[in-house]
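Participant: Given chain F, put chain C in place with the hints provided.
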Amino acid sequence: MKRANHPARQRLAALGLLAIPLLTYPLIALPEGDLARIPLSYLYLFGIWAGLIVLAALVAERQGRK
Amino acid sequence: MFPGWLVALLAIAYLALLFAIARFGDARADNGRSIISANIYALSLAVYCTSWTFFGSVGSAAANGFFFLTIYLGPTMMLLGVGVIIKIIRISKTYRITSIADFIASRYGKSPLLAGLVTVIAVVGVIPYIALQLKAIAASVDVLLAGSEHAIRGLDSTFLIAVVLALFTLFFGARHLDAAERHEGMVVAIAFESVVKLMAFIAVGLFVTYGLFDGFSDLFARAAAHPELQRLLRHHPAGASRWAALLLLSGLAIILLPRQFQIIVVENVDEAHLKRAAWLFPLYLLLINIFVLPLAIGGLLHYDAHDINPETFVLALPLAHGAGALALLAFIGGLSAATGMVIVETIALSTMVCNDLAMPLLLRSPWLRAARRQNLFRLLLGIRRAAIGLILLLGYIYFRAAGEAYALVSIGLISFAAVAQFAPALFGGLYWKQGTRAGAVAGLAAGFAIWLYTLLLPSFAKSGWIGQGFVEQGLFGLSWLRAQALFGLTGLDEISHCLWWSLLANIACYVAVSLSAKPDVITAQQAERFVDIFRRDGRDADARLWRGKTSLGAVVDLLERFLGAVHAEQQLAAHARAGALRDWRELPADAAFVHFAETELAGAIGSASAKAMVASVVQEEELGLEEVLDILDEATQVRAYSRELEAKQRELEAATAELRAANDRLRELDLLKNDFISTVTHELRTPLTSIRALSEMLHADPDVEANDRQRFLAIIVHEAERLTRLINQVLDMAKLESGRAEWATGAVDIGEVAREAMDSLGQLFRDKGVALASEIPEHGPVVLADRDRLMQVTINLLSNAVKFAPDRDGRVRVTVGVEDGRARVAVADNGPGLTAAECGIVFEKFRQGGNTLTAKPQGTGLGLPISRQIVEYFGGNLWVESRPGAGACFIFTVPMPTPQQ
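Residue numbers (my numbering), protein chains in the order written: chain F, 1 to 66; chain C, 1 to 901.
Looking at chain F on its own, in the form it has when it is part of the complex (with noise of 0.2 Å):
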């Protein structure tokens, strides 16, 4: 009955899924060279993780004030 009244559990299995594609191969393996001589391998995963991260507690926290 009330599975389907969930919007926040549904944008954050999205994000989950998002999550896929963006941190496996070969979207992981694409970023090369640096950015201030940190390698852009290290700043891509960290960046992607840290985006996901960031989305999640907007649509968890944002659905929590309610």
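Treat the hints with caution; some may be incorrect.
Beyond 10 Å from chain F on every Cβ pair, some chain C residues (computed) [unchecked claim]:
#1 V163
#2 G324
#3 L430
#4 L452
#5 Q570
#6 R665
#7 E696
#8 F712
#9 V730
Pulled a few chain C residues facing chain F out of the computed Cβ check, cut under 8 Å [to be verified]:
#10 G81
#11 L233
#12 H235
#13 P237
#14 L247
#15 K275
#16 W279
#17 P282
In case anyone wonders, no lab produced these hints; they're calculated from the structure.
Every residue, glycine too, gets a C-beta built ideally from N, C-alpha and C.
Facilitator: Below, chain C alone, put in the same frame as chain F:
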């Protein structure tokens, strides 16, 4: 570097602090003021980060670059699937499920066999993981004490550590038996440990990155100078399968590891906390991983010669640079990581061993039957304590057997691959009702067997405990049975290889066996409950799913024996209050009560044992599969029925409205019929009365004068004619209305009909002095109709016209023509005309033009209605156009046949 006593004192002081925190948490929980918040819950999830993370990740990064990250990215993805976990939590809370073994067994019909199998897999699978913690602590102690004299040299320090950890866990987690298996104090302590290990690791990371080097840029720039280090910072497409396999493994492990299930599901106090954890826990993972690669690179740059195990960099780097206090903090951090894991894991496993291995055996033993009266509470606690000791001992033995040959991360992954075997049965059971017990057992057994053969046994072989033969040449020398190249599958690393084959066999067996047989009653019932947990509130159907007889005393006795008298009475009182009873002794021993008791017992001894125990004190009536499914489907059915009812009701209402309309119409018709009959009789009586009166006069008085007699007889004849005409018309009308009239249809020239009618009434017009004019073409329009009937209509119109036309200067005009494909006949007079209301009335039966009250009726009142019926029968119309004082014009039309016809 440090004296042994200092390290020991520090460790013991830290453990004592943990103990105090746990006591504080427990005390608050007992007072009903739980301090478990969403943040504490999210932090406690970080029990996932063990010494594998603290020490092993750096070692892994130093060897394989980015691969260490997969272990933390997988859980991030998994945790975003909050819905699945919330479903597991909801089910576990509703049915007091206390471990993953209990969960899977409960789903497949509370099967003791399945519970035991899951427990065995979990214990065997997790033992390498426990060995990993022992190994890490032992290694860290060795690094701290290197070069210093200490008391435990010569003793087996790892064994000592295992003993200390076992004692600590005993005091910590197995002090009392909680029906819900919740340990709030432990959760708070674990959350505290998570903060400690994160702080310690970041402190070391900052020290190395910014103290020994000049920040990230400097560190990476120096690494760029070494081709070997450069290799670590690049992804290699060859690693794609391993990368995906590790993501999958860690994603599954975050929920399937017994300690993760314990923390995420069993220790959860509020489903809403999970939403916070969905991002806070990944954030924690991200933070604890930022410095892993810098530490690995820093260590490799520092110790060029590879003369030190990279897994000890976290301790060795601060030590080498004289930061002793930081090294001690790192030691405490590593200790935190290891103790947290060992505490929760062994508590979770001991619950499973006690409830799902020991209890079913005990319940069968004659000894326990003999000791029925005895309080079993202490026995349960004893079993759990023994299990904790046993599990740590097994961990130690594994460490001795295989630990030396493997890196920390590799040992941990062996455990991950083992618990991944639970995935098909668990997730399948959550969403697939057809999954059966036999299927789950087959899948688990197949997956576990392949795991044993391709991963665990080779780990023993590598350390030389057993022969290498089956790994290198294959079992019995069959090359396709080589343990890490099964069926010739090569090119994968051992973890991907094991995962591929074991999950393939697991899923295939689970699905195939499930589909090949019908589930038994209790499995089907549990499947409905689990899969549809969100769709029912449970209570009603659960209570009705049980039918049998028992006594309150027997059940209460059972509860007291397993829960302890005090706790049992608390729960009973709470249950009674929920049912609005003041005293639990008044509780009826009905289905709801038995369900309550079984759920309470399940919290203490597992669902399979609880079912067996309850069955021993009640006489249960077996319900058939169909019956159970019926009851469970009832909620759905009731909804379907109510929808059907609503539809039926709407149909009924529509039908009622129709019936009411039909009834009204009938009543109207009835009224009309009554009117008709009374009018007919009235019309019949008028001529009859005059005939009778005149006849009686003639009869009574034979001497009536010849003139009068003649006049009377003429009236009698005239009235008799009128009577006959009236009766003929009534019969005609009845025939027309009932559809029994006979029609002789043929081609009729309407102009000819009109001329003939005018001829036949010519005398009447002349008698009355009314001028009759006509405008009729020589060959009038031809229609398909009954000639005599059309004649009847025309004569009727003409006789009406002559009746109402004024004497002497009356004029009647007949026009025949064609209009819009219809033959049109108009009969116009210059009589008094009709009002608009009369224009309608004249076509009703027995209604005549003019004032019938004052003037003598001039016709039968049936002529026009009959005419209209006739014209309409041929598809035409008959109407009148008139105004008072302007004469009336009666018009009828009959459609002409189209040329084709």
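Participant: Does the closest beta carbon of chain F sit nearer than 8 Å to the beta carbon of L247 (chain C)?
Facilitator: holds, 7 Å
Participant: Do the numbers back the hint for L233 (chain C), that is, is its least Cβ distance to chain F under 8 Å?
Facilitator: This interface hint holds because 5 Å falls under the 8 Å limit.
Participant: Non-interface claim for R665 (chain C): all C-beta distances to chain F beyond 10 Å?
Facilitator: Consistent with the label, R665 (chain C) stays out of reach of chain F, its closest Cβ about 47 Å off (over 10 Å).
Participant: Hold the hint about P282 (chain C) up to the distance rule: shortest CB distance to chain F must be less than 8 Å.
Facilitator: holds, 5 Å
Participant: Interface hint check: W279 (chain C), Cβ to nearest Cβ on chain F, cutoff 8 Å. Holds or violated?
Facilitator: Cβ of W279 (chain C) sits 4 Å from chain F, so the hint holds.
Participant: Does the nearest C-beta of chain F fall within a distance shorter than 8 Å of the C-beta of K275 (chain C)?
Facilitator: With a closest approach of 4 Å, the K275 (chain C) hint holds.
Participant: With 8 Å as the cut and Cβ atoms as the points, is G81 (chain C) at the interface with chain F?
Facilitator: Given a least distance of 5 Å, the restraint on G81 (chain C) holds.
Participant: Please check whether the beta-carbon of L430 (chain C) is more than 10 Å away from every beta-carbon in chain F.
Facilitator: At about 13 Å from chain F, L430 (chain C) clears the 10 Å cut-off, so the statement holds.
Participant: Any Cβ of chain F at or closer than 10 Å to F712 (chain C), or is the non-interface label fine?
Facilitator: holds, 94 Å
Participant: Looking at L452 (chain C) again, its CB stays over 10 Å from all of chain F?
Facilitator: The assertion about L452 (chain C) holds, with a minimum of 29 Å to chain F.
Participant: Can you verify the interface hint for P237 (chain C): is its Cβ closer than 8 Å to any Cβ in chain F?
Facilitator: Result: holds, 6 Å to nearest chain F Cβ.
Participant: Verify that the Cβ of E696 (chain C) lies farther than 10 Å from every Cβ atom of chain F, and report whether the claim holds or is violated.
Facilitator: holds, 90 Å
In the structure shown, no violation is registered for any of the earlier numbered hints.
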